[in-house]
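Engineer: Given next are the chains, with one letter for each unit.
Protein chains: 4
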Amino acid sequence: MLLKDLRTAVLDANLELVKRGLVLYTFGNASGIDRAEGLMVIKPSGVDYDGLRPGQMVVTDLDGNVVEGTLKPSSDLETHTLLYREFPSIGAVVHTHSEFATSFAQAGMEIPALGTTHADTFYGPVPCTAPLSDEAIGGRYVHETGLAIVRRFAATDERAAIDPLAVPACLVAGHAPFCWGRDAHEAAHNAVVLEYCAKLAYNTLTLKPDADGVSQALLDRHYFRKHGPGKTYGQG
Amino acid sequence: MLLKDLRTAVLDANLELVKRGLVLYTFGNASGIDRAEGLMVIKPSGVDYDGLRPGQMVVTDLDGNVVEGTLKPSSDLETHTLLYREFPSIGAVVHTHSEFATSFAQAGMEIPALGTTHADTFYGPVPCTAPLSDEAIGGRYVHETGLAIVRRFAATDERAAIDPLAVPACLVAGHAPFCWGRDAHEAAHNAVVLEYCAKLAYNTLTLKPDADGVSQALLDRHYFRKHGPGKTYGQG
Amino acid sequence: MLLKDLRTAVLDANLELVKRGLVLYTFGNASGIDRAEGLMVIKPSGVDYDGLRPGQMVVTDLDGNVVEGTLKPSSDLETHTLLYREFPSIGAVVHTHSEFATSFAQAGMEIPALGTTHADTFYGPVPCTAPLSDEAIGGRYVHETGLAIVRRFAATDERAAIDPLAVPACLVAGHAPFCWGRDAHEAAHNAVVLEYCAKLAYNTLTLKPDADGVSQALLDRHYFRKHGPGKTYGQG
Amino acid sequence: MLLKDLRTAVLDANLELVKRGLVLYTFGNASGIDRAEGLMVIKPSGVDYDGLRPGQMVVTDLDGNVVEGTLKPSSDLETHTLLYREFPSIGAVVHTHSEFATSFAQAGMEIPALGTTHADTFYGPVPCTAPLSDEAIGGRYVHETGLAIVRRFAATDERAAIDPLAVPACLVAGHAPFCWGRDAHEAAHNAVVLEYCAKLAYNTLTLKPDADGVSQALLDRHYFRKHGPGKTYGQG
Chain P
206 MLLKDLRTAV
216 LDANLELVKR
226 GLVLYTFGNA
236 SGIDRAEGLM
246 VIKPSGVDYD
256 GLRPGQMVVT
266 DLDGNVVEGT
276 LKPSSDLETH
286 TLLYREFPSI
296 GAVVHTHSEF
306 ATSFAQAGME
316 IPALGTTHAD
326 TFYGPVPCTA
336 PLSDEAIGGR
346 YVHETGLAIV
356 RRFAATDERA
366 AIDPLAVPAC
376 LVAGHAPFCW
386 GRDAHEAAHN
396 AVVLEYCAKL
406 AYNTLTLKPD
416 ADGVSQALLD
426 RHYFRKHGPG
436 KTYGQG
Chain D
206 MLLKDLRTAV
216 LDANLELVKR
226 GLVLYTFGNA
236 SGIDRAEGLM
246 VIKPSGVDYD
256 GLRPGQMVVT
266 DLDGNVVEGT
276 LKPSSDLETH
286 TLLYREFPSI
296 GAVVHTHSEF
306 ATSFAQAGME
316 IPALGTTHAD
326 TFYGPVPCTA
336 PLSDEAIGGR
346 YVHETGLAIV
356 RRFAATDERA
366 AIDPLAVPAC
376 LVAGHAPFCW
386 GRDAHEAAHN
396 AVVLEYCAKL
406 AYNTLTLKPD
416 ADGVSQALLD
426 RHYFRKHGPG
436 KTYGQG
Chain V
206 MLLKDLRTAV
216 LDANLELVKR
226 GLVLYTFGNA
236 SGIDRAEGLM
246 VIKPSGVDYD
256 GLRPGQMVVT
266 DLDGNVVEGT
276 LKPSSDLETH
286 TLLYREFPSI
296 GAVVHTHSEF
306 ATSFAQAGME
316 IPALGTTHAD
326 TFYGPVPCTA
336 PLSDEAIGGR
346 YVHETGLAIV
356 RRFAATDERA
366 AIDPLAVPAC
376 LVAGHAPFCW
386 GRDAHEAAHN
396 AVVLEYCAKL
406 AYNTLTLKPD
416 ADGVSQALLD
426 RHYFRKHGPG
436 KTYGQG
Chain H
206 MLLKDLRTAV
216 LDANLELVKR
226 GLVLYTFGNA
236 SGIDRAEGLM
246 VIKPSGVDYD
256 GLRPGQMVVT
266 DLDGNVVEGT
276 LKPSSDLETH
286 TLLYREFPSI
296 GAVVHTHSEF
306 ATSFAQAGME
316 IPALGTTHAD
326 TFYGPVPCTA
336 PLSDEAIGGR
346 YVHETGLAIV
356 RRFAATDERA
366 AIDPLAVPAC
376 LVAGHAPFCW
386 GRDAHEAAHN
396 AVVLEYCAKL
406 AYNTLTLKPD
416 ADGVSQALLD
426 RHYFRKHGPG
436 KTYGQG
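Protein chains in written order, with the numbering used here: chain P, 206 to 441; chain D, 206 to 441; chain V, 206 to 441; chain H, 206 to 441.
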């Protein structure tokens with residue numbers, strides 16, 4: 206993909222978030238990466254979505270150095286760059302403060318896989334990070350936000366690693382969701398579906414606090430219906 | 206009804222679901238049947254609603270064999286065909302992941318008949334299936350989804366059979382609602398009313414968890430006001 | 206007011222309900238009365254709001270006999286006529302199944318006066334009727350619905366009478382709200398404000414189930430700020 | 206700023222409230238002040254927003270005497286004037302009955318700082334006043350409403366003073382929010398963000414009633430990211 210096309214794809218992803226009601230004012234950002242060139246395209250910081258043009262997108266390298274563009278990149282830049290460095294399979298990152306996903310993040314709760322709507326996109330619960338320590342917050346905070354996500358996906362003594370493409374989203378405790386995908390279109394789509402699943406989970410848990418999640422069999426069936434070599438959904 | 210008209214009616218039903226906010230992206234589908242010809246018209250799988258045309262609808266027989274059309278039918282095809290075979294009185298089927306009906310399905314709860322809005326369309330609670338077994342999920346899953354609905358409407362030692370036209374909807378546990386009607390227009394209408402009743406029931410139960418349902422007398426009065434030979438509602 | 210103008214005012218009230226999201230499909234109706242002529246104008250039964258014209262409104266006398274119009278009047282006609290006969294101060298009646306007011310009706314709960322938004326329009330809680338008996342439901346049901354409202358506003362040994370213009374709305378248990386006002390514009394406005402107050406009350410009670418209502422002093426201050434000879438609100 | 210420009214800015218702030226869904230009918234008002242001239246511009250009372258023009262804004266002095274304009278000023282005038290006199294750093298005031306902020310006010314609850322969305326705009330919980338006494342309500346009620354806000358921001362034996370620009374909003378118990386800012390644009394923006402934060406807090410607390418607020422470190426980090434000399438957000 207040419208850098209020019211990536212700018213347009215990243216802008217389109219940003220606008221999809223607005224169209225779907227996921228961002229209030231400038232509370233969100235999307236980026237995409239050109240792995241061959243080692244360059245990233247990201248929304249400028251605090252700029253209105255109305256009238257935003259591809260040429261206003263900021264190009265940086267994977268250390269966050271601005272390569273092209275006269276505007277300052279999103280203040281969440283270092284979270285994006287860290288995710289690209291640590292999750293080599295992803296091609297785009299989206300951050301929003303969408304209502305229900307953010308509410309779970311504020312509660313410090315993961316979004317459990319309560320139904321097939323969730324299982325069609327997320328192969329398991331959407332996890333929530335541990336709270337950031339005061340040291341992390343006082344230090345390289347934006348970078349530490351990315352680290353908290355990466356740590357949550359890594360294997361520990363108690364749990365297995367999570368494949369970032371199988372569960373393409375994470376809640377940052379006390380903050381909001383980060384989502385990703387193989388490209389900008391998919392990352393924005395995942396952010397929209399995450400918000401919908403969060404809303405369903407909110408309703409379900411307020412109706413029935415001890416609702417069971419889907420069985421492993423149902424999770425497998427729905428996830429692999431839409432993903433991987435054996436997928437049967439769609440025209441592809 | 207000519208097959209050409211059925212294609213248009215089925216497309217219109219799909220678009221009504223979008224217009225009423227019942228489907229996100231491609232999460233829904235509608236079909237209709239021509240009983241005389243033994244042919245069914247259904248939405249293609251995973252195709253955007255924008256710009257969808259009658260000619261893109263897929264025609265199959267009641268065993269799900271594609272008779273006309275170049276696109277793959279909805280991945281829920283076998284649930285539709287089973288419902289047509291088992292419920293001979295119905296003429297159309299609609300499946301959505303609409304927010305509140307899906308939330309009840311995820312909670313594994315029926316939608317109780319809590320008021321006259323519900324009773325005007327559904328002659329009793331909208332039931333929820335038993336969870337599918339791992340064997341059913343691992344086997345002919347889409348067909349088994351239909352079977353779970355059919356079993357929920359059949360008589361058992363504990364309960365009477367439910368007439369599918371009297372209660373034209375069922376929640377599939379952990380999944381989402383299926384609705385139906387005598388024709389595509391009615392099936393879509395029932396899906397919209399179901400979502401509205403689910404929302405009312407959610408609000409009611411979160412306000413007052415032990416809310417009583419309507420009395421049998423009120424259920425009778427409202428249901429038969431709009432249905433059957435003695436109906437008094439509307440201009441008909 | 207000429208009957209011609211009343212038809213237009215009643216149609217406008219019906220359309221205001223649609224515009225404000227209070228009615229799904231045909232689930233609502235408005236009427237107005239010409240007390241001098243003893244004639245009432247009401248929406249026809251089950252007719253779509255799109256394209257509805259003043260000439261389609263139905264004119265009846267206060268016993269519900271159709272005087273002008275070729276369409277059948279709303280199936281709730283006898284509730285309207287009873288309210289006009291029993292509440293001589295009102296000039297219009299509106300019935301909806303609006304989401305939150307209906308949810309309180311389904312819970313059999315009154316809407317308490319929890320804040321000044323409520324007190325600006327309703328001088329006390331919006332009451333909920335007792336459930337209708339099986340005899341009432343099996344008899345002249347629509348008339349009995351009106352009777353249940355009238356009884357709820359009458360004095361009893363335990364409580365004082367309620368002035369219908371001071372609290373221009375009532376919830377019918379297991380059913381939905383009826384609202385009214387001095388004219389069709391005001392009745393529709395009251396229905397819209399009722400739904401807003403019901404939503405606020407729902408949020409407040411789910412946040413804090415034992416929330417206190419406003420004090421009598423605050424109720425007086427806000428209600429009389431907008432009503433009666435000493436009102437200070439607006440340009441009038 | 207010329208008085209002419211202030212009229213336009215105040216009108217724009219009023220219209221932003223409508224556009225963002227914060228006001229139903231005429232339930233809200235915005236004002237702005239020209240400190241050099243000692244003059245205030247405020248919305249007229251009970252006038253529809255549709256077609257409202259800058260010339261209809263009412264100009265008063267800080268005692269509430271009308272200096273220019275033929276319409277009556279907002280009935281909340283004396284709350285606005287008091288806030289301008291007591292909070293010399295603010296340049297505009299906005300009052301709404303927005304849904305979720307009003308629900309917290311009705312519950313008599315502050316809006317806790319549960320996440321970074323809140324911390325980006327409000328440096329701590331958004332407080333709620335004590336209930337007004339019957340004497341205050343029966344006396345100069347609108348003035349007393351302002352006093353209750355001012356008292357809530359003043360230091361007491363139990364708590365420190367709150368800087369009105371650091372927490373630019375207050376809930377009035379049993380009533381609704383008042384917001385402010387350095388200018389009319391910022392005050393309206395704060396009202397919109399307050400409503401969004403109230404919605405997130407409602408969801409969070411109904412999911413997890415004992416949710417912890419953000420840490421002091423996170424509050425500092427996010428607030429000072431967007432405010433003060435060290436701010437890094439945006440292009441400024």
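I should point out that these hints are in silico values taken from the structure, not numbers from a laboratory. Among the hints, erroneous ones may be present.
[What the hints assert, rightly or not] Computed cross-link-like contacts, DSSO-like style, restricted to lysine-lysine with a CA-CA straight-line distance of at most 27 angstroms:
(1) V:431 with H:277
(2) H:209 with P:224
(3) V:413 with H:436
(4) P:431 with D:277
(5) V:436 with D:224
(6) V:224 with D:431
(7) D:224 with H:431
(8) V:277 with V:224
(9) D:436 with D:413
(10) H:413 with H:224
(11) H:277 with P:277
(12) D:224 with D:431
(13) H:431 with V:431
(14) V:224 with H:431
(15) P:413 with D:413
(16) P:436 with P:413
(17) D:436 with V:413
(18) D:413 with V:413
(19) P:224 with D:436
(20) P:431 with D:224
(21) P:413 with H:277
(22) V:436 with H:277
(23) P:413 with V:413
(24) V:436 with V:413
(25) D:431 with P:436
(26) H:413 with D:413
(27) D:431 with V:209
(28) P:431 with P:224
(29) P:224 with H:224
(30) H:209 with P:277
(31) H:277 with H:209
(32) V:209 with V:277
(33) P:224 with V:224
Engineer: Of the numbered hints stated previously, which ones are contradicted by the structure, given in increasing order?
Structural biologist: 2, 3, 5, 7, 9, 10, 11, 13, 14, 16, 17, 19, 21, 24, 25, 27 and 30
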